[in-house]
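**Student:** Sequence:
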Amino acid sequence: MHRPLLAHMGANRWLWSAIMAVIALVAWLLRDTLGTGYHFGDVMALALMVAGTLMILQSQEGYHPPRMEM
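Here the sequence shown is numbered in this note's numbering, starting from 1409 and rising by one per residue.
Please note that a few of the clues may not be correct.
[Said to hold, decoys possible] Each pair of labels, with its calculated beta carbon distance range:
# : residue 1 : residue 2 : range
1 : P1473     : I1427     : 27 to 33 angstroms
2 : L1433     : R1475     : 41 to 47 angstroms
3 : H1410     : L1438     : 52 to 58 angstroms
If you're looking for bench data, these hints aren't it; they were derived computationally from the structure.
Quick caveat: nothing in here was measured; it's all calculated off a predicted structure.
We put the CB at the ideal spot given by N, CA and C, even for glycine.
Assemble the whole structure, with the sequences as input and the hints as a guide.
**Tutor:** Here it is as structure tokens:
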């Protein structure tokens, strides 16, 4: 079940980055509204980590390291 989801995330990195950013924003608003005793801060941190990882992967797409001359 997780392979199709990961393949979809890999093919649509910008979309999933935006989705994770929205989830983080909603979690931040809920945490701010309800207080720090709830686990919305954990959800926010996880969503931001996933969004950041996807953005890093997207930035590396098409990069070819320079060849080493010997």
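**Student:** Please list, smallest to largest, the hint numbers that this structure does not respect.
**Tutor:** Those not satisfied come down to hint 3.
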